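The hints should help you fit chain D onto chain P, whose structure is shown.
Sequence order for the protein chains is P and D.
If you want the working numbering, it's the 1-based position in the first sequence plus 1029.
If you want the working numbering, it's the 1-based position in the second sequence plus 1029.
These aren't lab readings, by the way, just hints derived from the structure by calculation.
Since we're looking at a predicted model, the values are computed, not measured.
Don't take every hint at face value.
Since copy identity is lost for identical chains, a pair holds within one copy or between any two.
In silico DSSO-like links for lysine-lysine, alpha-carbon gap of 27 Å or less [what the hints assert, rightly or not]: (1) Lys1510 with Lys1738; (2) Lys1187 with Lys1408; (3) Lys1735 with Lys1546; (4) Lys1592 with Lys1187; (5) Lys1060 with Lys1426; (6) Lys1408 with Lys1562; (7) Lys1301 with Lys1679; (8) Lys1187 with Lys1553; (9) Lys1238 with Lys1426; (10) Lys1316 with Lys1187; (11) Lys1679 with Lys1041; (12) Lys1646 with Lys1426; (13) Lys1735 with Lys1510; (14) Lys1546 with Lys1671; (15) Lys1782 with Lys1679; (16) Lys1272 with Lys1041; (17) Lys1668 with Lys1466; (18) Lys1406 with Lys1251; (19) Lys1553 with Lys1041; (20) Lys1542 with Lys1510; (21) Lys1301 with Lys1668; (22) Lys1738 with Lys1546; (23) Lys1510 with Lys1310.
Number of protein chains: 2
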Amino acid sequence: MNLKKMDCGKIKLTQLLEGEFGIEKENVRVKENGEMSLTVHPKSLGDKLTHPYITTDFSESQVEMISPVQENIDEAVGFIKTIHEIVDASLEKGEYLWPQSMPPILPEDENLIPIASYGENGRELESYREHLSAIYGKRKQLVSGVHFNYSLSENVMKVLYQSNTNLVEDYDAFKERVYMKIAANYMKNHWFLVALLGASPALHSSYYKYICKCDDIVNYGKTCYAENATSFRVGRCGYRNEKEFILDYTSFNNYKNSINKLIEDKVINFAKENYSALRIKENSQEKITHLEVRHIDLDPFEASGLSEINLKMVHLLLIYGLLEDDSHYDVTHQKISHHNQVTAADFGLDGRVRMFDENGNSISLQKYLESFYQKLKRKLSVEDLPDDYASAMKEMKRLVEHSESRLSAKILKEMNNTDDYVNWHMSMAQKHRMSVKGKNYNFHGKMDMELSTQLLMREAVKRGVSIELIDRPENFIRLEKFGHEEYVVQATKTSLDNYSSILMMENKVVTKKVLEKSGIQVPKGDSFFDMEKAKSYFQLIKGSSIVVKPKSTNFGLGISILKSNDSVEDYERAVEIAFEHDDTILVEEFVTGREFRIFVIEDEVVGILHRVPANVKGDGLHTIAELVDLKNQDPLRGKGYKTPLEKIAKGEAEAMFLKSQGLDFDSIPEEGQVVYLRENSNISTGGDSIDFTDDIHQSYKDIAVKAMKALNVKITGLDMMIDNIAEPATSDNYSIIELNFNPAIHIHCHPFKGKNRKLNEKIMNALGY
Amino acid sequence: MNLKKMDCGKIKLTQLLEGEFGIEKENVRVKENGEMSLTVHPKSLGDKLTHPYITTDFSESQVEMISPVQENIDEAVGFIKTIHEIVDASLEKGEYLWPQSMPPILPEDENLIPIASYGENGRELESYREHLSAIYGKRKQLVSGVHFNYSLSENVMKVLYQSNTNLVEDYDAFKERVYMKIAANYMKNHWFLVALLGASPALHSSYYKYICKCDDIVNYGKTCYAENATSFRVGRCGYRNEKEFILDYTSFNNYKNSINKLIEDKVINFAKENYSALRIKENSQEKITHLEVRHIDLDPFEASGLSEINLKMVHLLLIYGLLEDDSHYDVTHQKISHHNQVTAADFGLDGRVRMFDENGNSISLQKYLESFYQKLKRKLSVEDLPDDYASAMKEMKRLVEHSESRLSAKILKEMNNTDDYVNWHMSMAQKHRMSVKGKNYNFHGKMDMELSTQLLMREAVKRGVSIELIDRPENFIRLEKFGHEEYVVQATKTSLDNYSSILMMENKVVTKKVLEKSGIQVPKGDSFFDMEKAKSYFQLIKGSSIVVKPKSTNFGLGISILKSNDSVEDYERAVEIAFEHDDTILVEEFVTGREFRIFVIEDEVVGILHRVPANVKGDGLHTIAELVDLKNQDPLRGKGYKTPLEKIAKGEAEAMFLKSQGLDFDSIPEEGQVVYLRENSNISTGGDSIDFTDDIHQSYKDIAVKAMKALNVKITGLDMMIDNIAEPATSDNYSIIELNFNPAIHIHCHPFKGKNRKLNEKIMNALGY
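Here chain P stands alone, though its shape is the one from the complex (with noise of 0.2 Å):
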């Protein structure tokens, strides 16, 4: 069968580039001196056999990074970036991620690269990674990249079945139809992107002494590069088939019988062993699932090795593929793909270099490559894509027109600065972890969930947990480890607690009642739902300074505060309001103390913070503002709720504050004095946490323990007012005011002073991951 022409005209380029996108990348782990890290795969980050996001690739010091199918590139690098993230703070002191897809410095006797060990279960993988020793030796198996798997939305595959009812095929062979059309057109064209994001332009003389002796590499020491080559690895020195192989793209029954063919013939020993820029992937039914583009090269300057940007015009190229006038892919169209693919590769920053067009004639790099931008353009109208894929068209054309932009000339450039690949490549692998110190909290591409839940799913991504995000704008998550589920919302509502302790937890009254009835101290006080029993508890009350609010109190609204109450009528009229906001009111008495949220996890207090409002301290030197400023530096301030603090506003709120106090933001503290810029504490409002877990008196640690006992409550944050931490709990120095079900994770992991609480983690061991 002919790859026949498709209609997609009725569909909108937007909705084509729905799909799914999944990413696998590897890092060589290394020395401080760049040398190949002989030790074995961190402990912490678990069964490399079985995690789904943390594995090895050949060798043990090969780590293997998989990011599970999402619905974009962005979150698919973002997925990486975190598992990137976690690998890295994973390794053991003086050790680093290679960040360059060509080895770093490898053993003299390549015996020593140690192979990838799985236990008793991976015996299996261990004796094929023996058969690729034997055939590609060791070191060729060190060259490292990135693959990007990639699926066109099914929604949309249905609709471009629909819209091509002139077709008599079935949607399965149809399916498969769009694939195969892909797949050869993107082997075609895909050199295109060798000569843009090619990245691997240089070597270390313990790879090309022992697998690729060019003469026209240049020998700089113990750094060589060829100066117009973009990519060895997917070029003469790279991991590629001895030969290249034509396969027959007709059919994908075709493809795989050419496959098989190739066994046969003992070219090579599995399917697996085809190195071709994308392969073809089929499940257990041999129904094509998905496309596997493996020729882009991990990119330096990136901190995870590849850029959502760049990702993005691999996916324009699949989708130009499925656009294109279709054509055949035969045997002379292959070879001229394999021609143009080492081509680009070896010399692609050479705008001379001779090509062969689609019809083999022959044509200049420089001219091909814009000729080739014009034909892409003309499918993917810049005015119909989403921004970020606009700019993806953007970048495309600079690189084309700048070669000198190319990561492989840059990389060239900024080498030469330094003169030395390892050195050049360790300084990007420090300045990279240097860039995430302190903000490892984040779960990128999931930037818009709650910080508690981005931290629970990291934890989650390190001990080999799956994630679903069931309800995305709910923070609603599946987690299920071998057949382990547990559905979790908002990183601390989960199984663990029953129905009736929320309820009890949510009703101010009822938790106030059970506690008392266990003998914790709460506000004296009482409710009511009849008004003129509330009213006439005044005489009872008349004199002391109270809170009347209503059960459910809504942003503060309905509740009056009465000092020293001694006015009936101010009080009746505080009753009223309150009734007004709820079936039931509180009447309390004012606690004293300072509050501090109790973080507890079943029995175990894992966590006490208290809260300052927004604060700066003077210098003698620096105005407020300033020192607002310096403070606001900090990685851990950011705004709307990304980061563990907020930046502390100069706004009119502040302003008014400071004025209450006689200053005012030029005034200039003296060294020492702590300046409030708000009344209240809250987080949200430039807040300091300030953890006191190991600083508060044990006593109310075990009365915090006792309260959610009596609740029956496994995971709770719950407010107590203390008058004096240092000294033990009596019968009316404390106070609990609430006991909160879903309390925030993330300002015990992150405090503005203290250590990281680990919530996280002690969650994820809670639900018994």
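Same frame as chain P, but now just chain D:
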């Protein structure tokens, strides 16, 4: 110490009425012929040794019902009414509760009267009963009555204490003095209520023959009565101490010493053999807890033997004792009190009999009643009382003025009509049973709470599980038995369910995803939080009938229904509208079939219900309006959700819907013709609930259980659309719409058609009680 004057002037009367109230009352079980039943206490009422509400008094046949402490008299009476209904429904066929304080037909041989048996752990109780038999005889022990336990609100007591700051005593001493004053004055004044409320003016020969051979008793066959007696029970034939004691009321300590003296002198054996009209009760710290009024007879006209209004008279007389000018209650007063009590009891319908006033002067009963009422009124002004207490005052006045209106007079009159003590009382017992038939769903005094909760609390009472209304407006209750505590909200929100399952049920998107994953049919469709994706989904579903709705639907807002939709504009507008109400929307196919509510507890389907819109069935004779009125006579139908079904309205909506069918309220449907008055099937608009538990193919029940296991739910009301209930489930003949985490149970207990599925029992079982 003397009873000094107290200042209650600043405290409103309504506030003084605040207090705590408990009731105990007994009924003898009888056979249909009025003979005392000799069977054992009903097994279904649990262990009478530990049951907090239902036990036995002296005899195995004498059921004692105990209300826990309640906040007002209406609730205490309601509790007793509820217990009474439960006990009455638990009796063996042919047994009744004898509605009279004086005994029914007793065995000629008093040894046949069975002493209550309490098993191994109740030997002490049994031997005390043996002791009583020996002293008083068994027959007298069967005299039954009402005990009214009262204490002043602790808050009011504190206010009272503060208002009397000129007093030097401490709070405890003050409180003791308050109760001693009320007690002494009540002892002095209670003759008044004996005269008005006595309700035992007659006897059966099997009692009087052995106990009370007074010459003036009129013997009429086996019935005998005294024509002016109000209460044999507190008169000469009743259960009193043979010789009235003189006690010391000057302080609680003196009071107790005077009782101990009686024991020393062997006048009585135990303190509880003091059968005064009022006892002062203390706790283990020897502090007064409450007062127990003991002279109240069962009211045979009331199903439960007592009425709110009569107990409010008792309460008012207690409060009067507090407000009355202080006075002594010495030996002379006590002798007068004894005389007045017995005279009022034995001759209280004769206004001419002579009483002693508080100064020891002789006065006719009628004069004394009138003058005493005037004194009462001066302290308890009707204008200052709440309506119900004002009514009680007015009723007192009526009873003072019209002796024929008193219970005793009415009993004597009605008995004369039926000519027989036994027959008349048995006819009352039968009438009372009939009056509650088919209405055993309410918890009296708590009808402000949801019917489901009322039903659950009824079952708790039956099983001897203590109930605390921890947040009444929320239907939040605490259950406890033998230390096993459960907090339950709205009858079905319990500790059995875990929080994440609740969140899954609450979230339609998640419910659907999880059910689909388990291979359970749900309405086809998809959810979206991206508007563009939602819009482009049109291409896949155009032409079919769909519903577009926000994820969280409130009262149907934001829902659009598109039948055979083929206008992209309509569809996109529907999507936009839905997004105005939620971040996430659902686009779903219309589902066919009939909707069933399947109630599942743990692994068992316990009830299946189908709801039918409000309708009547023609008989060829009556108009639709008449048919509605007839249908509305069903005791299950009420107004305002206090009953399992609602009355069908004859309002505008119904008239409109009839009109749309070419009918009006005056139309006369043919025999068998069903006319619908509403399109919607809600029970709240008069719909019928029809039990289908036994009629649905097993496969749907299996699916319901599978669905709840998929969500790890323990209690749910699952809504399923089924095409044909007789055919087994296939992959396209049913669909699960929703799992409700808060399903009503009453609709399954009292359906319009079908069995009571006793979900209240099932839930109590599941809770482990």
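Intra/inter-copy verdict for Lys1301 and Lys1679 if alpha-carbon distance must be at most 27 Å
neither (60 Å within a copy, 77 Å between copies)
Copy assignment of Lys1738 with Lys1546, given that the CA separation must stay at most 27 Å:
within (12 Å within a copy, 36 Å between copies)
Alpha-carbon proximity between Lys1510 and Lys1310, which holds within one copy, between copies, both or neither at 27 Å
Within one copy only: 25 Å inside, 62 Å across.
My question is about Lys1316 and Lys1187: at a cut-off of 27 Å on alpha-carbon distance, are they close within one copy, between copies, both, or neither?
within (16 Å within a copy, 82 Å between copies)
Between the shortest in-copy and the shortest cross-copy C-alpha distance, which are at most 27 Å for Lys1406 and Lys1251: within, between, both, or neither?
neither (42 Å within a copy, 114 Å between copies)
Identical-chain pair category, Lys1646 with Lys1426, by Cα at 27 Å:
neither (51 Å within a copy, 78 Å between copies)
Homomeric proximity label, Lys1592 with Lys1187: Cα distance no greater than 27 Å:
Between copies only: 22 Å across, 68 Å inside.
For Lys1735 vs Lys1546, is the C-alpha pair at or below 27 Å within one copy, between two copies, both, or neither?
Within. Shortest intra-copy distance 12 Å satisfies the 27 Å Cα cut-off; inter-copy 40 Å does not.
Alpha-carbon proximity between Lys1510 and Lys1738, which holds within one copy, between copies, both or neither at 27 Å
between (29 Å within a copy, 19 Å between copies)
Within, between, both or neither: how does the pair Lys1782, Lys1679 come out at a Cα-Cα threshold of 27 Å?
within (22 Å within a copy, 69 Å between copies)
Classify it for me, Lys1187 with Lys1553: is the Cα-Cα distance of at most 27 Å met within a copy, between copies, both or neither?
between (65 Å within a copy, 15 Å between copies)
Can you give me the call for Lys1060 and Lys1426, within, between, both or neither, at a CA distance of at most 27 Å?
This pair counts as neither: shortest intra-copy Cα distance 38 Å, inter-copy 102 Å.
Checked against the numbered hints given earlier, the structure breaks hints 5, 7, 9, 11, 12, 14, 16, 18, 21 and satisfies all the rest.
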